[in-house]
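Asker: Sequence:
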Amino acid sequence: MDRQDSCLVTGASGYIGGRLVPELLDAGHRMRCMTRSARRLRDHPWPGRVEIAEADATDPGATRRALEGIDVAYYLIHAIGGPGGFAENDRRAARVFAWAARDAGVRRLVYLGGMDPEEELSPHLRSRAEVGKIMLGGGAPAVWLRAAMIIGSGSASFEMLRYLTEPSSLWVGVVTPVPGSIARPLVESLRNEVVCTENDVAQYVPPPPGGPIGFDRSVALALRRVRAADVATRWSSAGVPGAPSDPLPTDPDWAGGSLYTDDRSCRANAPPDRLWEVVEGIGGERGWYSFPLAWRARGVLDRLVGGAGLRRGRRDPRRLRIGETVDFWRVEEIEAGRLLRLRAEMRVPGLAWLELRVSEEDGRGLLGQRALFHPRGLAGHAYWWAFRPFHDRVFGGMCRGIARAAEEAERPRAPEPHRTC
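Okay, so the sequence shown: first residue is 0 according to numbering that gives the first Met the number 0, each after it adds one.
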């Protein structure tokens with residue numbers, strides 16, 4: 000690939016795409032990222048250096064426009080975990096993209112997908128192989144990079160492996176943070192042996208300095224980054240083709256309908272910046288500052304009905320980006336120092352959000368907290384009113400707990416006693 004080639008990367012909010020984009024930029028290429036929502040890329044460190052084209056891979060016209068003037072296009076889209084059958088969604092998106100690349104005169108398509116061993120494949124590997132064949136036969140020159148398990152900090156396969164090797168670990172859907180809709184197809188693929196038996200790519204792409212990185216070293220490097228909270232991208236941040244666009248609680252879709260709210264505020268005897276640190280660090284290992292048993296029970300119930308549960312945690316314990324996951328929430332909006340809006344991805348009969356706002360009052364931090372719920376049908380109304388009696392314990396306790404945590408962080412620590420031997 001020439002240094003001045005114009006490149007397009009799909010799936011730039013995902014695990015591989017989010018790491019590929021800065022590498023191509025550093026190599027001097029002109030970059031365009033194709034995404035369903037430009038907002039999802041806003042908080043990455045490189046959006047100001049790339050052109051962003053909003054398009055759904057299943058939309059022929061928008062995809063064709065996104066590929067206009069592109070030399071090399073990287074196809075990193077996978078519908079696993081999305082609504083409906085992932086194989087059909089993958090097939091439809093791949094056909095649209097391959098044909099659009101042909102029509103746009105793209106000189107090279109690069110597809111990263113699963114390996115294609117000569118045996119009966121699992122549904123997941125069969126779908127990956129089908130996408131590869133669509134790319135190779137789509138009319139534009141294409142390269143299919145066949146990958147087995149991707150081991151790296153934040154990858155879905157690594158997260159499953161890491162949790163399964165911890166004590167009392169019996170069921171992948173219960174003990175790992177990866178939802179069953181993603182974990183089950185991956186686990187089914189374990190029956191296929193995916194070992195590289197040829198290395199044709201070495202003729203065109205030189206191996207990394209020191210040679211390929213083996214499994215043991217890959218795991219060690221990934222664990223080191225997890226422990227250091229230095230995870231650049233994570234599997235749960237990826238968008239899904241065909242899924243509805245990110246909604247907003249201000250959207251007029253339900254004008255005239257019901258929108259339940261629970262509004263609270265708490266003053267903290269701490270400055271606003273200290274209060275914001277607690278807000279941005281919410282969830283994951285730090286929890287939700289109220290009624291831990293209720294949060295854990297809600298997470299377990301969500302996993303039992305096929306939801307994300309609480310085990311997804313966070314990519315970084317201190318900083319958040321739009322589109323990232325925090326347990327069973329997803330960051331929908333963040334304004335540093337002011338606003339954090341989370342959209343629920345738990346299984347509920349409706350749409351739910353949690354907004355946390357920080358402002359200043361008399362030199363102290365003021366936390367505004369708002370839970371919103373747009374019910375879907377009678378079940379949605381029943382859901383809200385069934386849990387209404389617990390709101391003060393859960394939401395009220397959260398507001399007070401966040402303010403208390405900011406106050407505790409602001410207090411000076413007592414000096415360590417001087418000891419002599």
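Since the hints were derived computationally from the structure, they do not count as laboratory data. Do not rely on the hints blindly, as some may be mistaken.
Simulated restraints on C-beta separations [what the hints assert, rightly or not]:
hint : residue 1 : residue 2 : range
1    : P291      : P59       : 44 to 50 Å
2    : R125      : T196      : 17 to 23 Å
3    : P59       : P206      : 36 to 42 Å
4    : G376      : L144      : 42 to 48 Å
5    : Q3        : V204      : 41 to 47 Å
From a predicted model like this one, the values you see are computed outputs, not experimental measurements. Beta carbons are placed, not taken as given, at the ideal position from N, Cα and C, and that holds for glycine.
Asker: That 44 to 50 Å hint for P291 and P59 (C-beta), does it hold up?
Answerer: This hint holds: roughly 49 Å between Cβ atoms.
Asker: So does P59 sit 36 to 42 Å from P206, Cβ to Cβ?
Answerer: 38 Å, holds
Asker: Range hint 42 to 48 Å: satisfied by the CB atoms of G376 and L144?
Answerer: 45 Å, holds
Asker: Take a look at whether the Cβ-Cβ distance between R125 and T196 falls inside 17 to 23 Å.
Answerer: 19 Å, holds
Asker: Take a look at whether the Cβ-Cβ distance between Q3 and V204 falls inside 41 to 47 Å.
Answerer: 18 Å, violated
Violation of the numbered hints given earlier is confined to hint 5; every other hint is satisfied by the structure.
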